[in-house]
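Q: So the protein lines, in turn, are chains B and R.
Position 201 (the first sequence) corresponds to 201 in the numbering used here; numbering is contiguous.
To convert, count from 1 in the second sequence and add 654; that's the numbering used here.
Treat the hints as calculated values from the structure; they're not laboratory data.
The model shown is predicted, which means the values in this text are computed figures rather than measured ones.
Don't be surprised by glycine CBs; every beta carbon is placed ideally from N, CA and C.
Check the hints yourself; a few may be wrong.
[What the hints assert, rightly or not] Here are the simulated SDA-like cross-link-like pairs (lysine to any residue), alpha carbons at most 25 Å apart as the crow flies:
no., chain 1, residue 1, chain 2, residue 2
1, R, K899, B, A37
2, R, K899, B, V646
3, R, K899, B, F648
4, B, K492, B, A376
5, B, K155, B, A172
6, B, K26, R, R886
7, B, K26, R, V895
8, B, K26, R, I875
9, R, K823, R, P919
10, R, K823, R, D788
11, B, K26, R, D893
12, B, K26, R, A892
13, B, K26, B, A13
14, R, K847, B, A37
15, B, K26, R, E870
16, B, K26, R, T885
17, R, K899, B, Q30
18, B, K26, R, A896
19, R, K899, B, L38
20, R, K899, B, A44
21, B, K26, B, L641
22, R, K899, B, L43
23, B, K155, B, R140
24, R, K792, R, K939
25, R, K931, R, F661
26, R, K847, B, L38
[Claimed, not checked] Short, incomplete list of chain B residues facing chain R, as computed with Cβ under 10 Å:
no., residue
27, V33
28, C35
29, L36
30, L38
31, R41
32, T42
33, A45
34, R57
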Amino acid sequence: MRFIHPDFLWLFALALPVALLHLWTKRPRQYVVPCLALWQRTLAAHERRFGVRKIRRLVSLAIHLLVLGLFTIGAARPRPAEDPRPPRALVIIADLSAGMAARDGGAGLTRMQAARWRAHEVLDGLDAADRVAVVGAGRRPRLLLPLAAGPWRAKRLLAALDPGEPSADLHAAIDLARTIASSLPEAKLLLLTDRGGVDQGLPEWQGQPGKASLLAAGDVPRIVAGTSSANAGLVGLRVEQRWGQPRARIFVRARNASDARLDATLSVRWLLRMDAEGREVGQAAEAGSVAVPLDPGRITNVELEIAAGQGGLLEAHLDAGDPLAIDDDAFAVVFPHPRPRVVVVAEGEPDPFLVGAIEVLSDSLDAEESFLTTPAGLVDLAPRLGASDVVIFDRCAPDRALPLANVVTFRAEGPFAPVQAGAAAERLTPWTWDRRHPLLAQVALEPLRVGKGCMLVPTDGDAVLVRAEKGPIAVAGERGRMRVVAFGFAAKDSNLPLLVAYPLLLKNLFSWFAFDRWLAFRTEGRVGEPIGLGEGFREGTTSVELDYEGKWGVRHKTWVCEVEGGTPLLPECPWPGFYRARWGGGHQWVAVNFQGHEESVLRAATGDDGEGPPRFERTARASFDPETLWLQLAAAGMALLVIEWVMFHRGGGV
Amino acid sequence: MLFDESFLHTLEYLNVAARKILAGEKAAERETLRRGGSIEFRDYRSYSVGDELRYVDWNVYARHGHLFVKEFMAEQDVHVLLLLDASASMDFGRARKFDAARRLAAAIGYVALGNFDSLTVIPFSGGPQAGLRDLRGKSAVFQLLRYLEPLATSGVTDLRAASRAPLRKHRGRTVAIVMSDFLDLEGYAEGLKGLLAQRLQLQAVHVIDELEWSPEEGGAIRLVDAETRGTRDVEATADLVAAYKTTFHGFLDEVQGFCRGHEIPYARVATAAPLEKAVIELLQKGLLSRR
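All chains, please: the whole structure from these sequences, using the hints.
A: Structure, rendered in structure tokens:
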């Protein structure tokens with residue numbers, strides 16, 4: 001036997017002080033008794049029954065020395081003696097795709113667990129001198145355990161594997177394994193997967209080939225797990241919200257990847273509710289459910305309508321009784337529904353058409369409240385305004401820097417006007433307008449006639465909404481995080497209030513403003529893909545932390561993401577669920593969905609394991625685990641100490 | 655100080671309490687079969703030559719014409735003998751058995767002196783010591799206390815040797831009260847028998863301490879005999895201590911059984927018990943009874 005740390009054997013020199021200390025502490029103390037004869041009468045009967053107690057002190061000392069010996073040997077980390085034969089080597093390729101997490105037959109083992117048990121039979125033939133490497137086959141192959149490890153570490157690693165990737169590039173993983181195996185002569189490969197050697201003729205989805213065909217011609221020894229092919233999963237979840245409508249429409253795509261019709265139930269629930277400011281205001285609640293018949297081999301579209309006055313985190317769950325759970329859930333972040341304040345600023349009498357339109361449309365606009373004020377009065381109101389509020393300047397311009405709100409101007413002329421006015425003009429008609437801009441959606445401006453107005457001078461980045469013969473008369477743009485829309489004419493100086501386009505234009509205006517801050521972020525992604533969050537951060541934010549919140553406490557992990565160019569790039573999120581990106585002073589939820597189309601197509605094992613897993617001749621030292629021996633020795637020492645305490649010290653013992 | 659002022663108050667209280675307890679048997683206490691010169695009438699008998707004429711009942715003669723002589727009860731002295739164990743084993747216990755025994759001796763002696771009995775106190779260990787003899791009257795109590803105060807323990811308990819010395823030196827009844835821990839396992843029985851043989855009215859007071867029946871547990875200890883200084887190393891396990899308790903209680907029962915078998919009144923006094931309570935219990939159990 002050899003030792004990794006032989007210096008620790010000196011610890012056994014402590015045996016002498018331990019023995020002396022034992023003898024010192026166990027020396028008898030004097031106890032005067034009135035009549036020793038009574039004690040002798042007692043001892044005569046007592047020692048016949050407990051004669052072994054005479055040697056208790058020696059037994060106690062022997063146990064202490066034995067414990068010291070166990071601790072010393074454990075600390076020295078023993079290893080078996082050198083083996084003259086060359087080490088054997090095995091490289092295991094573990095399929096980490098989500099299909100390996102399928103539980104065949106209901107609550108049985110996952111395919112990974114089933115494959116692992118069979119792999120243990122192979123590993124049991126190896127001993128500590130042999131070498132095992134493990135390669136994980138996911139979207140990209142990666143080395144999980146280098147070839148310097150022994151079979152015991154490989155067993156522990158296999159037990160900790162958690163398959164869940166949306167696909168597995170087995171070819172690349174096998175190539176990596178072969179490269180690793182080439183470093184040792186006669187190293188063998190072993191593939192753990194749920195894909196057999198022959199495709200069973202199930203339909204391939206969207207032109208993506210199953211892994212079965214990838215392996216059809218392979219010659220890698222393998223263990224194939226899996227018995228069921230009936231599976232259904234969600235392949236899409238989309239939430240559509242309309243401005244001013246407190247209900248949201250949920251579009252779900254469910255696929256039946258089996259060859260039989262499945263009767264499933266689709267349920268939607270809120271995992272968390274948020275208000276317009278992003279604060280958490282409520283816990284889990286059911287939002288709705290519907291029965292969904294799924295035809296074999298087809299995708300079924302399901303549409304639900306739910307109340308979404310507040311925003312929140314939404315989970316859709318498909319219950320089809322299938323063996324693969326990971327593709328049965330889909331997640332989405334629903335924007336909170338902001339209610340803006342509307343402030344109309346005018347020097348004198350405000351435009352009655354504008355005020356009237358806002359009053360008439362107030363329910364539809366879902367404004368929280370509206371004010372009339374002057375440029376001077378706006379100074380007092382400005383601190384109360386936020387990113388979802390709208391300030392309309394009617395024939396006047398701000399007399400200072402723009403407030404923290406979205407701004408609309410009707411013929412605003414002045415140094416602080418968001419869009420500078422150009423030359424005045426009369427009898428203007430729209431020459432062209434940008435029909436694709438969201439502000440002008442479904443708005444027809446042919447009949448527009450302007451009595452008097454002015455041209456506008458857009459800055460870089462501004463979009464010209466309407467252009468007259470002599471120049472732009474309506475411009476939209478962004479100033480910092482706020483949005484600005486400028487008209488070169490007052491509504492009352494045109495026939496715009498008389499047109500059908502007027503209320504539509506106002507409604508588009510508010511919709512465009514409302515989602516400004518939310519659209520700055522990206523709030524959804526897919527497992528295994530890096531996610532760019534977009535530009536919605538306070539200036540100066542240099543790092544973002546990403547917390548995995550899962551489905552509330554199932555798993556937790558935190559990453560730190562660097563921000564480059566104002567856009568944080570979240571790492572490849574490994575699990576589906578909700579992630580929370582946090583930065584100084586703010587946070588944003590991101591829903592990450594599985595939606596691994598290929599993995600939803602489960603294959604049943606064909607029984608064709610190719611040439612079968614490799615076999616190793618079992619050696620006498622195969623059960624010797626040097627990695628854990630020191631732990632076992634320490635545990636044995638602790639157990640002995642407890643036994644000694646119970647025997648000799650508990651309850652005022654010897 | 656063993657006998658302080660509060661102890662004297664306790665003695666006075668005990669004296670009063672003892673009078674009440676002993677009052678019921680007072681007449682019988684001093685009654686003997688001998689006819690004596692007391693004023694208490696006992697019986698009539700026919701006159702015979704030589705009888706003193708002053709005892710002839712002339713009223714009866716006048717009525718019946720026969721001479722009858724009146725007989726009266728004869729009183730006798732009762733002597734109380736306190737045999738106090740002063741061996742080294744009495745120097746043991748949380749409340750020191752010897753101190754408890756001396757207090758008890760003082761209390762009983764005071765009650766006896768107050769009852770017009772004579773009192774002798776003889777300490778013993780290997781044999782009887784000189785002791786304090788023939789005290790009479792309540793005023794002798796201070797002599798008794800002065801004698802008991804400086805007494806010390808030494809030697810081994812040997813009741814046999816103590817019983818060999820002639821202790822009955824008085825006419826009339828001698829009530830002998832042995833106060834001891836009786837830790838003379840082989841000899842206490844013979845010692846008590848020897849005392850009985852001296853025609854003493856023997857009574858036994860067994861003085862015990864809590865530490866004797868519940869010794870401390872834990873670890874290796876070297877037992878040292880308080881009298882012989884002999885040693886024995888043991889591991890004081892809970893089992894051993896429990897076994898010792900059983901042995902000790904067996905010993906107590908053995909002494910009590912012996913006394914019962916020989917009609918010796920037996921009482922057990924724990925050192926932790928209050929003195930008043932202990933003395934009253936002893937009196938109620940028949941201590942100082944002359945029957």
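Q: All hints, please: hold or fail.
A: Verification of the supplied hints:
Restraint check for K899 (chain R) and A37 (chain B): satisfied, since their Cα atoms lie roughly 14 Å apart, inside the 25 Å limit. Taking the CA atoms of K899 (chain R) and V646 (chain B), the gap is about 24 Å. The hint holds against a cut of 25 Å. In summary, the hint linking K899 (chain R) to F648 (chain B) is supported, as the alpha carbons are separated by about 21 Å, within the 25 Å threshold. A distance of roughly 23 Å separates the Cα atoms of K492 (chain B) and A376 (chain B); the hinted pair therefore holds under the 25 Å criterion.
At roughly 23 Å between alpha-carbon atoms, K155 (chain B) and A172 (chain B) fall within 25 Å of each other, so this suggested pair holds. Only pairs whose Cα atoms come within 25 Å are accepted, and K26 (chain B) paired with R886 (chain R) is accepted, the gap being roughly 15 Å. The suggested pairing of K26 (chain B) with V895 (chain R) holds, with an alpha-carbon distance near 18 Å, which does not exceed 25 Å. Between K26 (chain B) and I875 (chain R), the direct Cα distance comes to roughly 9 Å. Compliance with the 25 Å bound is thereby established for this hinted pair.
A distance of roughly 22 Å separates the Cα atoms of K823 (chain R) and P919 (chain R); the hinted pair therefore holds under the 25 Å criterion. This hinted pair checks out: K823 (chain R) and D788 (chain R) have alpha carbons roughly 10 Å apart, not beyond 25 Å. As the CA atoms of K26 (chain B) and D893 (chain R) are separated by approximately 19 Å, the hinted pair is consistent with the 25 Å bound. With a C-alpha separation of about 17 Å, the suggested pair K26 (chain B) and A892 (chain R) falls inside the 25 Å cut-off, and the hint holds.
The hinted pair formed by K26 (chain B) and A13 (chain B) meets the criterion: a straight-line CA distance of about 21 Å does not exceed 25 Å. Restraint check for K847 (chain R) and A37 (chain B): satisfied, since their Cα atoms lie roughly 22 Å apart, inside the 25 Å limit. A threshold of 25 Å between alpha carbons decides the hint, and for K26 (chain B) with E870 (chain R) the separation of about 16 Å falls inside it, so the pair holds. The hinted pair formed by K26 (chain B) and T885 (chain R) meets the criterion: a straight-line CA distance of about 17 Å does not exceed 25 Å.
Between K899 (chain R) and Q30 (chain B) the alpha-carbon distance is near 19 Å, which keeps this suggested pair within the 25 Å criterion. Restraint check: the Cα-Cα separation between K26 (chain B) and A896 (chain R) comes to about 21 Å, which is no more than 25 Å; the hinted pair holds. A C-alpha spacing of about 10 Å is found between K899 (chain R) and L38 (chain B), which places the hinted pair at or below 25 Å, so the restraint holds. Pair hint K899 (chain R) plus A44 (chain B) holds up; C-alpha atoms about 14 Å apart against a cutoff of 25 Å.
Proximity of K26 (chain B) to L641 (chain B) is assessed by CA-CA distance (about 17 Å); at most 25 Å being required, the pair is judged to hold. At roughly 12 Å between alpha-carbon atoms, K899 (chain R) and L43 (chain B) fall within 25 Å of each other, so this suggested pair holds. Taking the CA atoms of K155 (chain B) and R140 (chain B), the gap is about 22 Å. The hint holds against a cut of 25 Å. Between K792 (chain R) and K939 (chain R) the CA atoms are separated by roughly 24 Å; this keeps the pair inside 25 Å, and the hint holds.
Pair hint K931 (chain R) plus F661 (chain R) holds up; C-alpha atoms about 14 Å apart against a cutoff of 25 Å. The suggested pairing of K847 (chain R) with L38 (chain B) holds, with an alpha-carbon distance near 22 Å, which does not exceed 25 Å. At its closest, the beta carbon of V33 (chain B) sits 5 Å from a beta carbon of chain R; the interface hint therefore holds under the 10 Å criterion. The interface hint given for C35 (chain B) is met, as the beta carbon of that residue sits about 4 Å from the closest beta carbon of chain R, less than 10 Å.
This hint holds: L36 (chain B) has a C-beta 4 Å from the nearest C-beta of chain R, less than the 10 Å allowed. Annotation: L38 (chain B) was flagged as interfacial toward chain R, and the flag holds, the nearest CB pair being 6 Å apart, inside 10 Å. Checking R41 (chain B) against chain R: minimum C-beta separation of about 5 Å stays under 10 Å; hint holds. Interface restraint check: T42 (chain B) against chain R, minimum CB-CB distance 4 Å, threshold 10 Å, status holds.
Taking 10 Å as the C-beta contact cut-off toward chain R, the hint placing A45 (chain B) at the interface holds, the least distance being around 7 Å. Residue-level restraint check for R57 (chain B) holds (minimum Cβ-Cβ distance to chain R is 7 Å; threshold 10 Å).
Hint compliance for this structure: every hint is met.
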